[in-house]
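> If you want the building blocks of each chain, they are given just below.
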Amino acid sequence: MKHILTINKANLKKTAAKGGCGKCQASCQSACKTSCTVANQKCEK
Amino acid sequence: MIHKYKLNGLNIVLDVHSGGVHLVDELTYDILDNVEPPFADECPEKVVEKLSRFYAPEDINSCYKEVVELYNDGILFSEDDYERFAKYSVAAPVKAMCLLVEQDCNLRCEYCFASTGDYGLGKRMHMDFETGKKAMDFLLENSGDRENLELDFFGGEPLMNWDVVKQLVEYGRSKEAEYGKRFRFTITTNGMLLDEEKMDFINKEMSNVVMSVDGRKCVNDRVRKRVDGTGCYDRIMDKYKQLAEKRNYENYYVRGTFTKYNLDFAEDVVHLYNEGFDQISVEPVVAEPTMGYALTERDLPAIFSEYEKLANIILEHDKQGKHFNFFHFMLDLDQGPCAIKRLRGCGSGNEYVAITPEGDIYPCHQFVGYDEYKMGNLNDGSFNMEMKNDFAKAHIYTKEECKKCWAKFYCSGGCNANNFIYAGNILNSYKLACEMQKKRLECAIMIKAAKALEEVEKNAE
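Same order as they appear, the protein sequences are chains A and B.
Number 19 in the working numbering belongs to position 19 of the first sequence; there are no gaps in the numbering.
Count along the second sequence from 1, then add 1000; that gives the number in the working numbering.
Since the hints were made in silico from the structure, they are not lab data.
Only a predicted model underlies this, so the values are computations on that prediction, with no experimental measurement involved.
Each hint should be verified, as a subset may be incorrect.
Straight line, CA to CA, 27 Å or less: simulated BS3-like cross-link-like pairs of lysine-lysine [unchecked claim]:
#	chain 1	residue 1	chain 2	residue 2
1	B	Lys1246	A	Lys9
2	B	Lys1309	B	Lys1431
3	B	Lys1046	B	Lys1004
4	A	Lys2	B	Lys1175
5	B	Lys1123	A	Lys42
6	B	Lys1133	A	Lys23
7	B	Lys1322	B	Lys1134
8	B	Lys1448	B	Lys1319
9	A	Lys9	B	Lys1006
10	B	Lys1181	B	Lys1217
11	A	Lys45	B	Lys1175
12	B	Lys1046	A	Lys9
13	A	Lys13	B	Lys1448
14	B	Lys1087	B	Lys1374
15	B	Lys1309	B	Lys1458
16	B	Lys1393	A	Lys13
17	B	Lys1403	A	Lys14
18	B	Lys1123	B	Lys1309
19	B	Lys1006	A	Lys2
20	A	Lys42	B	Lys1260
21	A	Lys23	B	Lys1004
22	B	Lys1175	B	Lys1217
23	B	Lys1438	A	Lys14
Okay, the calculated beta carbon distance ranges per label pair [claimed, not checked]:
#	chain 1	residue 1	chain 2	residue 2	range
24	A	Lys45	B	Glu1372	35 to 41 Å
25	B	Lys1451	A	Lys14	19 to 25 Å
26	A	Met1	B	Glu1461	41 to 47 Å
27	B	Phe1383	A	Lys45	24 to 30 Å
28	B	Gly1292	A	Lys45	26 to 32 Å
29	B	Lys1050	A	Lys45	45 to 51 Å
30	B	Lys1404	A	Lys14	45 to 51 Å
31	A	Lys2	B	Asn1274	21 to 27 Å
32	A	Lys14	B	Arg1124	49 to 55 Å
33	B	Ser1305	A	Lys45	24 to 30 Å
Even glycine gets a Cβ: it sits at the ideal position worked out from N, Cα and C.
With these hints in hand, go ahead and build the complete structure from the sequences.
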């Protein structure tokens, strides 16, 4: 493309149908404890 | 819904519902103000006419086609069809626990949300082994099919009750095979009581360790004080270095708080990096606006500018091969959490609870001391399932402000405790935190975009 550079390949929608297994870390257990930082967690499926 | 912004010379477009991130030229940036689905095959004449004052019509048309192509690929102007998944946000097993093994502290940090250890309850307490054991049994029994159980030793200062920490780790390990589960222990410490024995135990048993320090000595010591009023920096820094080194600088954070006193907090992040740490978190203080150190809306321009500065520092360091993680800028655009996790948020009160030395159950450590949010007690076996369900339903589609926010899949509805304490209800948004979160997200995406562009340019050479 000449005008647009897409920098990621993921599509959140594809993760919705098979998501929610709950294996991942609860977000507040990592470092924050005073804020909610979900998007930096890893999928552990 | 899209969110577009300019930062660091880049034009960035986030497609909110697919998570697609695009770097665009000026023409695309402008055209996106003028078009939206449903799309015709050709660019509408009035758009061409409007933009042809600045761009060539053939460029406008070719740009329009690219926009339509991305729309057809589902990564631009993608629809919000997640609400149906929100129904999964109920009745999740409890899988994570914050154990307040010590409701006392050997520091008197000015901004402590736990009121320097006692959570405003006026009594300083230790958790005994029996209560800790009950807490772990509660987690084992209520975790359903979850195999990974998280238990954070928290306080106050957990090292003040070290024998119980060790006993509980041993107890937890002894139950893993029986229940077919694995404990991930973590600990958050102020470092004052660290010694070789504790370090070795932590490094053997804890999957993550959070070491509290605010950055530069002058910044740290102004607010992180011992009981006698002197700062703690000199006592803890060498211990932290030793602890991190002993665990090969893996799975740890040095974690600080910035306040109105250090709006130049990027300097503190750099300081921690220069002291040898590469996993760094420095987070905004959460406090009543009347406190001298509290951040308020008037501080936002300075905070935004500092986050931008920090983002640039990270990029510059990266170019020199000096890598470090800043926790609040960490973002995985390709393999981050699934959309369901992002709907649910942190899971407090539903998947995650906090336990006090008296065996009281709260939705998380920050709710401790708020009677109306006491969920139950381990000694009488009570556990308020109605409240658990209320927390399960506190997701981005029940939070009105979040529903329409472009950042909703990254902060996932924000911190329920902050929402309650500073905005009156877990479903309300705590605006100050939202504004900072959005800025951090813009910076984090910009860092990813800048690196992606650099890669493309390198490959083109």
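> Take the hints in turn and mark each one as holding or not.
So, going through the hints one by one against the coordinates:
{"no.": "1", "hint": "B:Lys1246 x A:Lys9", "in the structure": "37 Å, violated"}
{"no.": "2", "hint": "B:Lys1309 x B:Lys1431", "in the structure": "23 Å, holds"}
{"no.": "3", "hint": "B:Lys1046 x B:Lys1004", "in the structure": "22 Å, holds"}
{"no.": "4", "hint": "A:Lys2 x B:Lys1175", "in the structure": "59 Å, violated"}
{"no.": "5", "hint": "B:Lys1123 x A:Lys42", "in the structure": "38 Å, violated"}
{"no.": "6", "hint": "B:Lys1133 x A:Lys23", "in the structure": "23 Å, holds"}
{"no.": "7", "hint": "B:Lys1322 x B:Lys1134", "in the structure": "45 Å, violated"}
{"no.": "8", "hint": "B:Lys1448 x B:Lys1319", "in the structure": "13 Å, holds"}
{"no.": "9", "hint": "A:Lys9 x B:Lys1006", "in the structure": "22 Å, holds"}
{"no.": "10", "hint": "B:Lys1181 x B:Lys1217", "in the structure": "42 Å, violated"}
{"no.": "11", "hint": "A:Lys45 x B:Lys1175", "in the structure": "24 Å, holds"}
{"no.": "12", "hint": "B:Lys1046 x A:Lys9", "in the structure": "33 Å, violated"}
{"no.": "13", "hint": "A:Lys13 x B:Lys1448", "in the structure": "21 Å, holds"}
{"no.": "14", "hint": "B:Lys1087 x B:Lys1374", "in the structure": "25 Å, holds"}
{"no.": "15", "hint": "B:Lys1309 x B:Lys1458", "in the structure": "25 Å, holds"}
{"no.": "16", "hint": "B:Lys1393 x A:Lys13", "in the structure": "21 Å, holds"}
{"no.": "17", "hint": "B:Lys1403 x A:Lys14", "in the structure": "20 Å, holds"}
{"no.": "18", "hint": "B:Lys1123 x B:Lys1309", "in the structure": "42 Å, violated"}
{"no.": "19", "hint": "B:Lys1006 x A:Lys2", "in the structure": "19 Å, holds"}
{"no.": "20", "hint": "A:Lys42 x B:Lys1260", "in the structure": "32 Å, violated"}
{"no.": "21", "hint": "A:Lys23 x B:Lys1004", "in the structure": "33 Å, violated"}
{"no.": "22", "hint": "B:Lys1175 x B:Lys1217", "in the structure": "43 Å, violated"}
{"no.": "23", "hint": "B:Lys1438 x A:Lys14", "in the structure": "24 Å, holds"}
{"no.": "24", "hint": "A:Lys45 x B:Glu1372: 35 to 41 Å", "in the structure": "36 Å, holds"}
{"no.": "25", "hint": "B:Lys1451 x A:Lys14: 19 to 25 Å", "in the structure": "24 Å, holds"}
{"no.": "26", "hint": "A:Met1 x B:Glu1461: 41 to 47 Å", "in the structure": "20 Å, violated"}
{"no.": "27", "hint": "B:Phe1383 x A:Lys45: 24 to 30 Å", "in the structure": "28 Å, holds"}
{"no.": "28", "hint": "B:Gly1292 x A:Lys45: 26 to 32 Å", "in the structure": "46 Å, violated"}
{"no.": "29", "hint": "B:Lys1050 x A:Lys45: 45 to 51 Å", "in the structure": "47 Å, holds"}
{"no.": "30", "hint": "B:Lys1404 x A:Lys14: 45 to 51 Å", "in the structure": "24 Å, violated"}
{"no.": "31", "hint": "A:Lys2 x B:Asn1274: 21 to 27 Å", "in the structure": "43 Å, violated"}
{"no.": "32", "hint": "A:Lys14 x B:Arg1124: 49 to 55 Å", "in the structure": "50 Å, holds"}
{"no.": "33", "hint": "B:Ser1305 x A:Lys45: 24 to 30 Å", "in the structure": "39 Å, violated"}
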